[in-house]
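Asker: From just these sequences and the hints, can you work out the full model?
Here are the chains, one letter per residue:
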Amino acid sequence: MSAELTPLRWPGNWKDASALTLLDDTPVNCLVADKGAVPESVAAQARQKGLPVVDPAAPPAYVFITKGEWPGVEAVQGDTVVAGPTGNPWVDSNGWRIRLESVRHPGARVWVDARPKGPVSRDSYPLALADSAAYGGRWIISLDDRFAAEVAQGKADALAAWKKITAAAKFFADRKAWCAYEPEAVVGIVSDFAGDNEYMGSELLNLVARTNQQYRVLLKDKLSPASFANLRAVIYADVTAPGPAVANGIMAFVRAGGLLITHPKWGIVPGMRASNQDNDRYIWRTSGKGRIAFAKSEFDDPWAIAQESVLLISHRYDLLRFWNGGSVGSYFKMAPDRKRALVQMLFYADRGPEDTGVRVAGNYRSGKLWTLDGKDSKITIVPQKDAVELHLPTVAQYAAAELEV
Amino acid sequence: MHSNYTRRDWLRSASMLGGACLAGAPFTRAFAAPAPTVPVSVARCRTYDPKELLPVMARMFDQIGGVGKLVKGKTVAIKINLTGMTEWRLGNLPVAETHFTHPAVVAAAVNLIGKAGAARIRVIESAWSTTDPLEEFLLQGNMEPLDILHAAPNVEFENTNYLGKGKKYSRLMVPTGGYIFPGFDLNHSFADCDVFVSIAKMKEHTTAGYTGAMKNCFGNAPATIYGDGAGVDEPSPTPRGGRGSCFHDGLRQPSKSALQEKNTHTPRLETYRVPRIVVDLVAARPIHLAIVEGIKTITAGEGPWAPGAAPCSPGVIVAGMNPICTDAVSMALMNFDPMGDRGSPPFENCDSILKLAEDIGIGTRDLKRIEVIGTPIKSAVFDFAKIRAARRANQLQQQPVKRG
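Sequence lines, in order, name chains A and B. Here this note's numbering is used: the first residue of the first sequence is -3, the next is one more, and so on. Here this note's numbering is used: the first residue of the second sequence is 87, the next is one more, and so on.
Some clues are possibly wrong.
In the DSSO-like style, the derived pairs of lysine-lysine whose C-alpha atoms are separated by at most 27 Å in a straight line are [claimed, not checked]:
(1) A:160 <-> A:113
(2) B:155 <-> B:201
(3) A:63 <-> A:160
(4) A:63 <-> A:172
(5) A:11 <-> A:31
(6) B:254 <-> B:348
(7) A:159 <-> A:172
(8) A:292 <-> B:254
(9) B:253 <-> A:292
(10) B:251 <-> A:292
(11) B:137 <-> A:381
(12) A:63 <-> A:166
Short derived list, chain A residues pointing at chain B, Cβ under 10 Å [unchecked claim]:
(13) 307
(14) 355
(15) 385
For the record, the hints were derived by calculation from the structure and aren't laboratory data. Don't be surprised by glycine CBs; every beta carbon is placed ideally from N, CA and C.
Answerer: Structure (structure tokens):
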């Protein structure tokens, strides 16, 4: 078996093997079910069709399964309107989990196990799929009970929604080359993302992503000079000071012109010169060609650090900048030959707003816009100084701009 | 003919007439002398290209008497208008070509004021719901702050929507006693400056009818004290939201550390309150130089959230050393009658800021008393009034959805 599987959690109410015909002519080529959850008649026929049945408790070596959230805008929780600290809607996304686990498990495909907690909008299924696939993972397609039953019963609207999901899955299955593209990043987040550092590290990944700042996951036990290539800054927020190897690696990056954002536990190294950029929250030091922003107090609020990091680095270095984007997430990658860029955009309100514009750093001559139905359209590109601005049509949950240098 | 009316002058004249203002008595009843008037310059300017813009503005400054006498050796604060969030555009148009003061106009003004000998220039604005530095706010709007910072020596930015770089808020009193507020606690930049410049965008306003040099000063008030998320007792450390509940609707008072409303039994109507609060703010922090930029702007309101908002290119700039005179000429260029009041366009539903400001003697709105230099009004009119009438006839005008 290859790692290029499109998994479906076999719905509990699909008791009959005839339901396997729903997977014909779709990219779904793998069933996921807890041990014993698939009737033997279904399992036998699945095997005949060449569909492996994966027990999530014992996935194959080339798959890593992570628990995830149902992605989207969480507008209401019970009777309470949920919003982020800015008053903006709270967005759940699994992108950061996939990126973290992909770094931790190189060579494995990350599958996200995020099931609907109950009946959900059928428009949110393509978003759930895209929210994983855009970041190089695979969502284990999981239908809510009512939806699954209606698909099995052949209800027209349910089948139409099912086709949209499988079309979205096909879209990503057909674009394997995108997986080889390299993520572009402005800031690296250094941590072991484990133990006492798990909360802060993972929340930083999540919340830096919400700012649409492009980041790189840096495991502190795997740092090398290449880890810092093309970065403007790194954030070190682990609760204890780094060991000498990690500290030396980061300080080499700083002396070469980078910015380190950290907290008092790092320790102010004697001999560093003060700069005059101190503010309420940070003391600045310089080292070589670079700078260090020391928080005046211990890091405790990852949202604040994420927001502050964008300012400490400066919006001048934004790789992507959105207008009228609403609750948008993004992932910016470049082809290995750096002649082609890919800007993937996820609109978590299930529908892209009107007149969305995005500024993309770099100069590009042409481009096209892809949507989950597999159609491409021409995209308006407005040249700017060292960047282009893309004017998007109204799209649904996802769009990808493929740009040529 | 023009007068460089300073804050000190204002305080002096106001103190003489202060008795008339007690208990909210209309200032005009005791104000025997006609309201001050100064020349106002009007110029056509089609683009933001500095090659066109800078000579135009230099000529305008000359026409109003030159700014050297006003700014030489002084600290100058320039209040610009960056209303709303940078992420919110009208269509795909740049924010500076619709509802933000264009940075090229700010840079040109900074350059000319610097050349005229200003010792220090601080460009200020209360950025929407954030403590972000203004430079970063501008960058998010795709505007280059370096163009402004490098336009003259000793230029800096400050976000005035919170305490900012100051140690404490500065209390600026309304010399006439105030319509709504007797005084305001503002960012230190409003007290630190010797000269205060308002550079506004020529626009209609969903609440106040018209927004120009005076309405721009609504944003002087920090949301940490006057905002929806302001602290109850003390200012909040960061601004949250706009000024809807405190200023617009009067549903809450400012933080108790600041002066409270004079009379909480006045109408809780934004169309009554907003014009009066604007005048209170302008009286507390007098404007020495008013510039209204209408090269490219929008119709229907102050931002893309205004129902029916549409881009337009009047291609005109107005400048003067009295904000009412300047706003009056600006309104005339929009084909509105600056002598109009509640009931007449664009004040169909609200009181006129210009009339209220005139009533307390800040200046005249009577075009017959204002010398217009440069391009005659009639040859530079862009007919906002006609567009407004058509829009209203089509019942496109709806309730405002965002308030600053």
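Asker: All hints, please: hold or fail.
Answerer: Outcome of the hint check:
1. A:160 <-> A:113: holds (21 Å)
2. B:155 <-> B:201: Roughly 12 Å between the alpha carbons, so the hint for residue 155 of chain B and residue 201 of chain B holds.
3. A:63 <-> A:160: holds (24 Å)
4. A:63 <-> A:172: Holds: residue 63 of chain A and residue 172 of chain A sit about 24 Å apart, inside 27 Å.
5. A:11 <-> A:31: holds (15 Å)
6. B:254 <-> B:348: Holds - the C-alpha atoms of residue 348 of chain B and residue 254 of chain B are around 23 Å apart, at most 27 Å.
7. A:159 <-> A:172: holds (21 Å)
8. A:292 <-> B:254: Cα-Cα ~21 Å, so holds.
9. B:253 <-> A:292: Holds - the C-alpha atoms of residue 292 of chain A and residue 253 of chain B are around 18 Å apart, at most 27 Å.
10. B:251 <-> A:292: This hinted pair holds, its Cα atoms lying about 17 Å apart.
11. B:137 <-> A:381: holds (19 Å)
12. A:63 <-> A:166: holds (23 Å)
13. 307: holds (5 Å)
14. 355: holds (6 Å)
15. 385: For residue 385 of chain A, the interface hint holds, since the closest Cβ of chain B sits about 8 Å away, which is under 10 Å.
This entry satisfies every hint, going by the numbered hints stated previously.
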